[in-house]
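2 protein chains.
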Amino acid sequence: MTETPPDPEPVEGPETTPVPEPVEGPETPPVPEPVEGPETTPVPEPVEGRIARVAFNSDGLVAAIIQQWDTHEVLMLGWMDAEALRRTLTEGRVTFWSRSRQEYWRKGDTSGHIQLVRGARLDCDGDAILLTVEQVGPACHTGTRTCFDADDLEPVRGPEL
Amino acid sequence: MTETPPDPEPVEGPETTPVPEPVEGPETPPVPEPVEGPETTPVPEPVEGRIARVAFNSDGLVAAIIQQWDTHEVLMLGWMDAEALRRTLTEGRVTFWSRSRQEYWRKGDTSGHIQLVRGARLDCDGDAILLTVEQVGPACHTGTRTCFDADDLEPVRGPEL
Numbered sequence: 005m006t007e008t009p010p011d012p013e014p015v016e017g018p019e020t021t022p023v024p025e026p027v028e029g030p031e032t033p034p035v036p037e038p039v040e041g042p043e044t045t046p047v048p049e050p051v052e053g054r055i056a057r058v059a060f061n062s063d064g065l066v067a068a069i070i071q072q073w074d075t076h077e078v079l080m081l082g083w084m085d086a087e088a089l090r091r092t093l094t095e096g097r098v099t100f101w102s103r104s105r106q107e108y109w110r111k112g113d114t115s116g117h118i119q120l121v122r123g124a125r126l127d128c129d130g131d132a133i134l135l136t137v138e139q140v141g142p143a144c145h146t147g148t149r150t151c152f153d154a155d156d157l158e159p160v161r162g163p164e165l
Numbered sequence: 005m006t007e008t009p010p011d012p013e014p015v016e017g018p019e020t021t022p023v024p025e026p027v028e029g030p031e032t033p034p035v036p037e038p039v040e041g042p043e044t045t046p047v048p049e050p051v052e053g054r055i056a057r058v059a060f061n062s063d064g065l066v067a068a069i070i071q072q073w074d075t076h077e078v079l080m081l082g083w084m085d086a087e088a089l090r091r092t093l094t095e096g097r098v099t100f101w102s103r104s105r106q107e108y109w110r111k112g113d114t115s116g117h118i119q120l121v122r123g124a125r126l127d128c129d130g131d132a133i134l135l136t137v138e139q140v141g142p143a144c145h146t147g148t149r150t151c152f153d154a155d156d157l158e159p160v161r162g163p164e165l
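Keeping their order, the protein sequence lines are chains X and D.
Going by the working numbering, the first sequence opens with residue 5, and the numbers climb by one from there.
Going by the working numbering, the second sequence opens with residue 5, and the numbers climb by one from there.
Because the hints were derived from the structure by calculation, they are not lab data.
Note that CB positions come from ideal geometry on N, CA and C, so glycine has one too.
A portion of the hints provided could be inaccurate.
Stated by the list, open to error - Going by beta-carbon spacing under 10 Å, a handful of chain D positions derived as facing chain X:
#, residue
1, His76
2, Thr114
3, Ala124
4, Thr146
5, Gly162
Okay, chain X solo, but in the shape it has when bound:
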C-alpha cells in the first residue's frame, strides 16, 4: 500500500521564484537621467510638480527669504503666490506678490535693483523658500543693502558656549 507522502514543508530554495535582475536591453527603455535643459527653456510639467510641493498659506502665499548667494547676507523677506513662484523659477529673475499693492512685482523693474536667481530651496514642511540671488544694488527700497539694516531689537544675548 502506497501512501501519498505528505505535502513537503515549504522549502526555501531554488523553487522560490527569484526576483529577476533588471535586464538592460533595447526592449527595456532605460529610465532617462534627468536632463537640465538650456536655461532659457524651462520644462513646464516639472515646474508644476515642484510648485505643487509648496504648502501655500490660506491666502495662497509662501514666504521667500532672499539671500545674497556669496556673502550669505539675508537681504529681505518677500511673498509669492504660485504664479510669482512659477515666474521666479523659470525666468531667472525674482518676482514677488505685493500684498500691499495686490500685484506682481518683479524686483528691480522700476528701481533697477534686480535679483538674479542662483538657487531655490523649499523647507522641510514646504511653507518657506530660501532663494539665493545676485542682488544688483541695494535690496531695500530705503536704499540700504538689506531690509534688516536699520532697526536693532537689542535682544539679551544667550550665554557663550
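Given the coordinates of chain X, work out where chain D should sit on it, guided by the hints.
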C-alpha cells in the same frame, strides 16, 4: 625816571592755567559707565517699546528668519507672537509660536538643539525679524543642519553679471 615796563607778551608757560587732570575722589561723582544689567533682568518698558514696533499679521504673528551668526547659514523660518518675541528678546533663547500645535515652543527644550540669541533685527516694514543665533546641533527636526537642505526647487538661473 622809571617807566613801567609794558605788559609782557602772553607767554606760553606756567602762567597758563593748566586744565586740571580729572580728580578721582569722593567729592566728584564720576559719570557712570553704561551698565549692562544681569541678562536675566530685562527692563520691561524698552522691551515693550521694541515689540510695539513690530507689525504682527492678522493672526498676531511675525515671521522670524533664523540665521547662524558666524557661518550666515539660513537655518529655518519660524513664527512668533508678541509673547514668543518677548521671551526671545529677554531670555537669550529662541521661542516660537507653533502654529500646528498652538503652543509656545522654546527651540531645543525636547531635542536639546537650542538656539542661543546673538542678534535680532526688524525689517524696514516691521513684518519680518532676522534673528542671528548660535545653533546647537541640527536646526531641523529631520536631523539636517538646516530646514532647507532637502528640497531643491531647481530654478532656472539668471544670467551672470
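To see whether the hints hold, each was checked on the structure:
1. Residue-level restraint check for His76 of chain D holds (minimum Cβ-Cβ distance to chain X is 3 Å; threshold 10 Å).
2. With its C-beta approaching chain X no nearer than about 17 Å, Thr114 of chain D sits outside the 10 Å limit, and its interface hint is violated.
3. The criterion of a C-beta within 10 Å of any C-beta in chain X is met by Ala124 of chain D, whose closest approach is roughly 4 Å, and the hint holds.
4. Given hint, Thr146 of chain D at the interface with chain X, holds; its Cβ is 5 Å from that chain's nearest Cβ, closer than 10 Å.
5. Hint status for Gly162 of chain D relative to chain X: holds, with the closest Cβ pair at about 3 Å, below 10 Å.
When held up to the earlier numbered hints, the structure conflicts with hint 2 and nothing else.
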